[in-house]
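**Student:** Protein chains in written order, with full-length UniProt numbering: chain S, 1 to 346; chain C, 1 to 281; chain U, 1 to 259.
Any given hint might turn out to be false.
To be verified - What follows is a set of in silico ranges between Cβ atoms, one per label pair, in the way DEER data are often shown: (1) Leu126(C) - Asp154(S): 24 to 30 Å; (2) Lys5(C) - Glu341(S): 54 to 60 Å; (3) Pro196(C) - Asp63(S): 34 to 40 Å; (4) Ile269(C) - Gly122(U): 44 to 50 Å; (5) Asp109(S) - Gly122(U): 40 to 46 Å; (6) Leu43(U) - Gln129(C): 23 to 29 Å; (7) Leu182(C) - Gly11(U): 35 to 41 Å; (8) Gly238(U) - Ala187(S): 58 to 64 Å; (9) Thr184(S) - Leu43(U): 51 to 57 Å; (10) Gln129(C) - Gly122(U): 54 to 60 Å; (11) Pro168(U) - Glu40(S): 17 to 23 Å; (12) Met241(U) - Ile269(C): 37 to 43 Å; (13) Phe50(U) - Thr138(S): 36 to 42 Å; (14) Asp241(S) - Thr42(U): 45 to 51 Å.
Don't read these hints as lab results, they were simulated from the structure. Using N, Cα and C, we set each Cβ at its ideal position, and we do this for glycine too.
Okay, here's what each chain looks like letter by letter:
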Amino acid sequence: MKKIVLIFVLLCLPFLAGGCGSDDRAELTVYNWGDYMDPEVIAQFEEEYNCRVNYETFTSNEDMYVKVKNSSDTYDVLVPSDYMIERLIQEEMLRPITKDNIPNLANIDASAQNLAFDPGNQYSVPYFYGVLGIVYNTAQVTDPVDSWNLLWNDKYASKILMYDSIRDSMGVSLKRLGFSMNETSEANINAARDALIAQKPLVMAYVTDNVKSLMASGDAAMAVVYSGDAAIIMSETDSLDFAVPKEGSNAFYDNFVIPKNAKNPELAEQFINFMLTPEIAAKNIEYVGYSSPNAPALALLDASWSENAGFNISKEDLARSEIFKDLPNDVMEIYNRAWTEINVSK
Amino acid sequence: MKSFKEYIAYPYGLWMLIFIAVPLLVVIWFSFLSNPDFKAGIYTFTLENYQQFMDPVYLELLYRSFLYAVIATLICFLIAYPLGNLIVSLPGHRQNMMIVLMIIPMWVNFLLRTYAWMVLLSGSGLISQFFRLLGFRDVSLLYTQSAVILGMVYNFFPYMLLPIYTSLKKIDPDLLRAATDLGANHFQMFLKIKIPLSLPGIVSGCMMVFMPAVSTFVISNLLGGGKYMLIGNLIEQQFLTLNNWNFGSAISMVLMTIIFLVLGIARLITGKELDTGGQLL
Amino acid sequence: MRKFFKNLAFGLILLFLYAPILVLIIYSFNDSKIMGPWAGFTLKWYVMLFQDRYILQALYYTLIIAVVATTVSTLVGTVSALGIYRMRSKLKRPYLLLNNIPVLVPDIVMGITLMSLFIFIGMKMGLTTIIIAHITFCIPYVILAVLPRFNRLPENIFEAALDLGATPRQAFWKVLFPEILPGVTSGALIAFTLSIDDFVISFFTAGNGVSNLSITIYSMAKAGINPKINALSTIMFGCIMVLLVLINIRSEKGIKNIQ
Numbered sequence: 001m002k003k004i005v006l007i008f009v010l011l012c013l014p015f016l017a018g019g020c021g022s023d024d025r026a027e028l029t030v031y032n033w034g035d036y037m038d039p040e041v042i043a044q045f046e047e048e049y050n051c052r053v054n055y056e057t058f059t060s061n062e063d064m065y066v067k068v069k070n071s072s073d074t075y076d077v078l079v080p081s082d083y084m085i086e087r088l089i090q091e092e093m094l095r096p097i098t099k100d101n102i103p104n105l106a107n108i109d110a111s112a113q114n115l116a117f118d119p120g121n122q123y124s125v126p127y128f129y130g131v132l133g134i135v136y137n138t139a140q141v142t143d144p145v146d147s148w149n150l151l152w153n154d155k156y157a158s159k160i161l162m163y164d165s166i167r168d169s170m171g172v173s174l175k176r177l178g179f180s181m182n183e184t185s186e187a188n189i190n191a192a193r194d195a196l197i198a199q200k201p202l203v204m205a206y207v208t209d210n211v212k213s214l215m216a217s218g219d220a221a222m223a224v225v226y227s228g229d230a231a232i233i234m235s236e237t238d239s240l241d242f243a244v245p246k247e248g249s250n251a252f253y254d255n256f257v258i259p260k261n262a263k264n265p266e267l268a269e270q271f272i273n274f275m276l277t278p279e280i281a282a283k284n285i286e287y288v289g290y291s292s293p294n295a296p297a298l299a300l301l302d303a304s305w306s307e308n309a310g311f312n313i314s315k316e317d318l319a320r321s322e323i324f325k326d327l328p329n330d331v332m333e334i335y336n337r338a339w340t341e342i343n344v345s346k
Numbered sequence: 001m002k003s004f005k006e007y008i009a010y011p012y013g014l015w016m017l018i019f020i021a022v023p024l025l026v027v028i029w030f031s032f033l034s035n036p037d038f039k040a041g042i043y044t045f046t047l048e049n050y051q052q053f054m055d056p057v058y059l060e061l062l063y064r065s066f067l068y069a070v071i072a073t074l075i076c077f078l079i080a081y082p083l084g085n086l087i088v089s090l091p092g093h094r095q096n097m098m099i100v101l102m103i104i105p106m107w108v109n110f111l112l113r114t115y116a117w118m119v120l121l122s123g124s125g126l127i128s129q130f131f132r133l134l135g136f137r138d139v140s141l142l143y144t145q146s147a148v149i150l151g152m153v154y155n156f157f158p159y160m161l162l163p164i165y166t167s168l169k170k171i172d173p174d175l176l177r178a179a180t181d182l183g184a185n186h187f188q189m190f191l192k193i194k195i196p197l198s199l200p201g202i203v204s205g206c207m208m209v210f211m212p213a214v215s216t217f218v219i220s221n222l223l224g225g226g227k228y229m230l231i232g233n234l235i236e237q238q239f240l241t242l243n244n245w246n247f248g249s250a251i252s253m254v255l256m257t258i259i260f261l262v263l264g265i266a267r268l269i270t271g272k273e274l275d276t277g278g279q280l281l
Numbered sequence: 001m002r003k004f005f006k007n008l009a010f011g012l013i014l015l016f017l018y019a020p021i022l023v024l025i026i027y028s029f030n031d032s033k034i035m036g037p038w039a040g041f042t043l044k045w046y047v048m049l050f051q052d053r054y055i056l057q058a059l060y061y062t063l064i065i066a067v068v069a070t071t072v073s074t075l076v077g078t079v080s081a082l083g084i085y086r087m088r089s090k091l092k093r094p095y096l097l098l099n100n101i102p103v104l105v106p107d108i109v110m111g112i113t114l115m116s117l118f119i120f121i122g123m124k125m126g127l128t129t130i131i132i133a134h135i136t137f138c139i140p141y142v143i144l145a146v147l148p149r150f151n152r153l154p155e156n157i158f159e160a161a162l163d164l165g166a167t168p169r170q171a172f173w174k175v176l177f178p179e180i181l182p183g184v185t186s187g188a189l190i191a192f193t194l195s196i197d198d199f200v201i202s203f204f205t206a207g208n209g210v211s212n213l214s215i216t217i218y219s220m221a222k223a224g225i226n227p228k229i230n231a232l233s234t235i236m237f238g239c240i241m242v243l244l245v246l247i248n249i250r251s252e253k254g255i256k257n258i259q
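Work out the full structure, taking the sequences as your base and the hints as a guide.
**Tutor:** This is how it looks when you write it as structure tokens:
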């Protein structure tokens, strides 16, 4: 017993002695997706603007929403996706962006601006975008990868990875049946649910986290993933490719926003502007792997990126894809119940 | 001990009221509300959250969670009890060493250890390779019920071992010797002396494994690949993704009530007040 | 023969407990961001780890939280256990019941309820809230570990020491304290282990730039666990092991000296 106590006292001593000294630099609190920004870039910003960045991360839009909505904390910059931005705008939780303070907005391609969730980009500045598709092992998958039907092909039983998120998995099933990703009709939602229940015996797992290693090791033959994750896997492993099915898919846009109660909105705008600088944006692209609307940054990238199907999304694929809408509560309840039933089914 | 007065425990009583009792009451209160709007001051009292739970889909979940937790508890016990006996038979400083070795893995982050299991269990992982060498074909253990139960056993095993070890250690060796002298055989000694004397440790170990196992959501998520949802996942989903705190609270209350019932039964078995954690070391 | 099986049993159980840690160690040297096939030996994750302020900060907070929560809960828990032991009134049962609740309630419920409370009383989420939460779920374990020790003591041991001429201080430190010490240390150990391993409760009660290792790891999950974290675990595990061996060599020597 004494041994253990001694061990932990010895282990902790250096940390108690050291510790972070406080400083009086300006503070900026950023709440972003996990591993969605190169830490070097943040350090660079701190140095150039003589400030301190509190950097926190979340795993889903919903996690972020619950935390921002319910906690007494204030954040200066958030990076939610399209439908969540729509909800935040509706709930009047965001602060309009002063575009004059973000001259680098000129670097952003027009295709990523003025989208339905934030007309005129009053509240949000584009960061990354991507599209849901299928990453597959070219050695194992012999059929053409052009339809969501492939995920229902029992040739690949126990080799299929689905995406563990209500809207995404339901969206795949809805699209396959010819419905919208933002379907609101109960009958259609239930049809998509039944299709997923029928598919479940073929599915290896519903995951968001372990896709990379399972695809790299060949344990899984195909996986429903977002393009940027596919780009990273493909840059590390040969014999993988990425395709967006012809029925269409989900496209997302993750944008910077500033909450209404931000303590340091000026610095937040400087931060956003900094992230849009071509050199900085290029660094982030190489770290994150998602597609960027920052045209000058794309020119700085290594040639291998433009050949990466997960990074270089075609205009047609994007055009066929829908952006999620923030669905009303009663519709979400139908989705939730359907999802629980899928989860419970055998 | 009259020199010490009971009021030295009062500050902690206050602490418990604020940080344990009040929050718990809030959850109970939440579980009886439907779609409250606190800003507008609108809340209606309802039983619908509980009614909603009485749905075969959710009851099945509850059943599955209990089944898995019971299996995990049993396996832990079947490993920990003989192991505890082995450790007790070691010389004193070796005993300490062994116990320390059993605790240290818990200081490496629990999520990380679970991720590492995912690597070990996957089709290309070591364990599957091993099975393949033995002649089995293509066994991927990852994302199966076995993986979920293995995760529970792995993560909560020390909670079973420690109380059992403590209670076995307390048994006076002279008692066992006396029993042998009086002609008891190994089996009788085990059944009539060892088991009854270590019963508090066994019960407390079982509770310490059962409770986190029945409410886990991380293990079933990571090792079950979202295919083996448990009641903990349902609660987490209500609070985190669906933002339905009232239903989430109601499920939590149901789960807690059942846990208290189980505890009551355990108390009947041992015949005394249970100190769940007290037997830990 | 018996000894062989005994060692085999210990070997197997240790293999079971340490296998995942071995995996983490191996992958901390793998030259790929993916925990998949082996891609060559590298030390780059170790270099990158020491450049990553956020991971180091999370480690710092994890340890600070664990140390503060352990210290406070051990002190408060021990004193309160003494008070509860002395309770003859009707208070004792509700005390024990309330004390048992954090042990019995699922983590997620504890986390949510504490978060609602902090929001309700308008406390800013951060180091303070997370430490309060950890103290709240640690004290019950300390009390549950210490209380049986008091229950086992002879009724008037403290007064007997006083009668025999000990000062109150001596009576406490020389007589009472050694008796309860094993309970106190095991309570502290449980508290430390629970605090350092906790994810769920921390997740709900942390905020504004304060996050511990669990939260950091969890939020990385979507993009895949960064090998830097494996490198960190390897270093931490290495330190624990080195210390353990050193302490053990010393105590083995001590035993030999006595013999």
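**Student:** Take the hints in turn and mark each one as holding or not.
**Tutor:** Evaluation of the provided hints:
1. Leu126(C) - Asp154(S): 24 to 30 Å: holds, 29 Å
2. Lys5(C) - Glu341(S): 54 to 60 Å: holds, 58 Å
3. Pro196(C) - Asp63(S): 34 to 40 Å: Check failed, 49 Å falls outside 34 to 40 Å.
4. Ile269(C) - Gly122(U): 44 to 50 Å: For Ile269(C) and Gly122(U) the Cβ distance comes to about 46 Å; the hint holds.
5. Asp109(S) - Gly122(U): 40 to 46 Å: About 43 Å separates the Cβ atoms of Asp109(S) and Gly122(U), which means 40 to 46 Å holds.
6. Leu43(U) - Gln129(C): 23 to 29 Å: holds, 27 Å
7. Leu182(C) - Gly11(U): 35 to 41 Å: holds, 36 Å
8. Gly238(U) - Ala187(S): 58 to 64 Å: For Gly238(U) and Ala187(S) the Cβ distance comes to about 59 Å; the hint holds.
9. Thr184(S) - Leu43(U): 51 to 57 Å: Hint holds: Cβ distance 54 Å, inside 51 to 57 Å.
10. Gln129(C) - Gly122(U): 54 to 60 Å: holds, 56 Å
11. Pro168(U) - Glu40(S): 17 to 23 Å: Hint violated: Cβ distance 60 Å, outside 17 to 23 Å.
12. Met241(U) - Ile269(C): 37 to 43 Å: 40 Å Cβ-Cβ, so the 37 to 43 Å window holds.
13. Phe50(U) - Thr138(S): 36 to 42 Å: holds, 39 Å
14. Asp241(S) - Thr42(U): 45 to 51 Å: With a Cβ separation near 27 Å, Asp241(S) and Thr42(U) fall outside 45 to 51 Å, so the hint is violated.
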